[in-house]
Amino acid sequence: MQFIEISQCKTINFKPLKPWPKHLPSISVRNNLIAGFDSSRTLAVQLDIVFEDALTDCYQKLTLPELARLYKIKPDLRWDFLCDFYHFRWNSDLKNIFELLTETPPKFQNWASEKDLGIKDLSPLKLSIVSPQFLEHITRYSKQIGCKVLEWGIELSEHHSSERILQNSENTERWYHDIFSLRHPITASRDQNYTNRVISTPWPRQVDAQWKRVGDKAGIEVRFISVSSADFQKKSEALVKLQSKVEKIWNPN
Amino acid sequence: MEPQLISQFEKIFIDQNSAESAVVQRIYNIFPHNKIEIVNEKPFPDAFGILSSNEFSRSKRLLYVTEHKGHFFKRCPGAKPGLACCNYFVLNLGLQCNMNCSYCYLQSYINTPLLTIYSNIDRALTELKEVADRYPQHTYRVGTGETTDSLSLDEITLYSRKLISFFKKYPRWTLELKTKSSKVDQFLDVEHAGNVICGWSMNPQNIIEREEHLTANLSQRLDAAGKCLSKKFKLSFHLDPMIWHPEWKESYCELVEKISSMFSPEDAEYITVGALRFQPEQRHMMRERFGLKSLVTQAEVFQGKDGKMRYDIEVRNEMFEFIRNQFLSKSRAWRVSLCMEVPETWSMTMASTPRQIPELKELFAPANTNC
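So the sequences go chain by chain: G and H. Going by this note's numbering, the first residue of the first sequence is number 1, and it counts up by one from there. Going by this note's numbering, the first residue of the second sequence is number 1001, and it counts up by one from there.
No wet-lab data here; the hints were simulated from the structure. Some hints could be false.
[Claimed, not checked] Computed cross-link-like contacts, BS3-like style, restricted to lysine-lysine with a CA-CA straight-line distance of at most 30 Å:
(1) Lys217/G with Lys1249/H
(2) Lys107/G with Lys61/G
(3) Lys217/G with Lys1305/H
(4) Lys120/G with Lys1293/H
(5) Lys22/G with Lys72/G
(6) Lys1011/H with Lys1035/H
(7) Lys126/G with Lys1293/H
(8) Lys120/G with Lys1305/H
(9) Lys212/G with Lys126/G
(10) Lys1258/H with Lys1227/H
(11) Lys115/G with Lys72/G
(12) Lys1305/H with Lys143/G
(13) Lys217/G with Lys1293/H
(14) Lys248/G with Lys1249/H
(15) Lys1305/H with Lys115/G
(16) Lys1011/H with Lys95/G
(17) Lys1249/H with Lys212/G
(18) Lys1069/H with Lys1035/H
(19) Lys1178/H with Lys148/G
(20) Lys1293/H with Lys95/G
(21) Lys148/G with Lys1258/H
(22) Lys1042/H with Lys95/G
(23) Lys143/G with Lys18/G
(24) Lys120/G with Lys1227/H
(25) Lys1011/H with Lys1178/H
(26) Lys1227/H with Lys143/G
(27) Lys212/G with Lys1305/H
(28) Lys1011/H with Lys126/G
(29) Lys217/G with Lys15/G
(30) Lys1305/H with Lys248/G
Whenever a hint applies, use it, and build me the whole structure from the sequences.
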């Protein structure tokens, strides 16, 4: 086994997210340090094999942001081979995503790695330049919500300033609602009108009612707990008596 | 033939097994020979799986003629649990379309970087004959516009002529050719049994200009329908997908006005109405290919029970009811039905499910599903 002084290596530090096991030595391939960047040791194991083979042996899984950072440092690698290994398709689209990803804030890149975002999740980046603050705010969300907000934010950038898009962004829940409403103004306004009417309807005691959207449908969700059949009958009858008022939720005039 | 159609294709690949087919002989007569290449295997073998936006766009300019290996004859995708189905069967004579609609569902479906025309139409006809002989009492409706437009490339293939002649022998069956083109001259002289419906996807001119690129404009479509009617072909109109925009009522009102002023309810076998819908995964490609100004990429859509993105059910009902009322205000005889919709929408728009509506009952009666 050959060793080389780390100081003599060119560091290909693409900032892999998973820490290199501290008991393993740093790895160099033909004077290129590819693993164990943070090691306090002075020597690295020197391999005389193909760079891509060494890389895939060291890293069984790499996410898109990690590959994007590697691409920025080493664009001349056999990317078709690497993409195949990491289950991506090497084409101009992926190259574009790599270039865009490396321009995003590190916090967003790490979030995209942790959530294992794919090409489609990140494809909105191709359409518009978004502010770094916007991307950083997204990292507070789950993958599902974050990806939705990313899409809506980029779709909104066509008609709204980034200041408007970032309004209320300090409050995670409120911002999501705000972005949704901005992206779906007609639906949000209609849902709000229904919500107001549901709230102002005198529902029977111990009956909860709210206007709820489930995908392409929205309506009144009515909930109550019956502790006996008599209780069930009482609440059901009270709801039936409300029919004319419920009618007004849909037809206020 | 329009020079645009010839220049549209950058390259034509012909599978060696199809080299002797009639369609290939026509291609040699129509296209410059330097565009044509005989191949032993499918071109671009490495390009498989989900296509990128660029690959999808390019696939419309690369024609590939080959034999179809699977079944030609299939049930319509509307025949799914949860959707009210009109017993439509599809005969796939190709894959991909040379026109370019922003909402096209093929963007979520195509996984090959070529526009494919199947050369072995005779086998498709044999398949149809087998079904016809097996179920002589059934009245099948067969459409060819599922994975490609029925007529936009028909000047090249002339498949309409073969199909119309074939269906003449099976008068209980109905052939529907569905298109956004105006290419009908090539089959108008073919004798038929009155069982061929020429159907047009219709949208107001402002939507055609904005969302249905490379298609015929509204007057061209209406004129082509007029030509078919003059040769006693039946007609159908599909106001599908309706696309919401601030002036949608005015636009669609004008469209209904145009259709009803040119045609009578007796001329049109039926009118179907559907609203914008698409698979969620295709939104990325639509955004990349048509930008953020498209009414489709801007649409307020939500995932429905069937997984597709659709307008809110209340918006859909309003649109459907509007169209239906517009037609019925012209004449009570117009037959308007919904396409790819949940029974709930039927009940809200039409006040009943399709099988409860006398004029649509036959259309929606359960068919044999063994095909």
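Checking against the hints above, which ones are violated? Violated hints (numbers, rising): 9, 19, 21, 24, 26, 29; every other hint is consistent with the structure.
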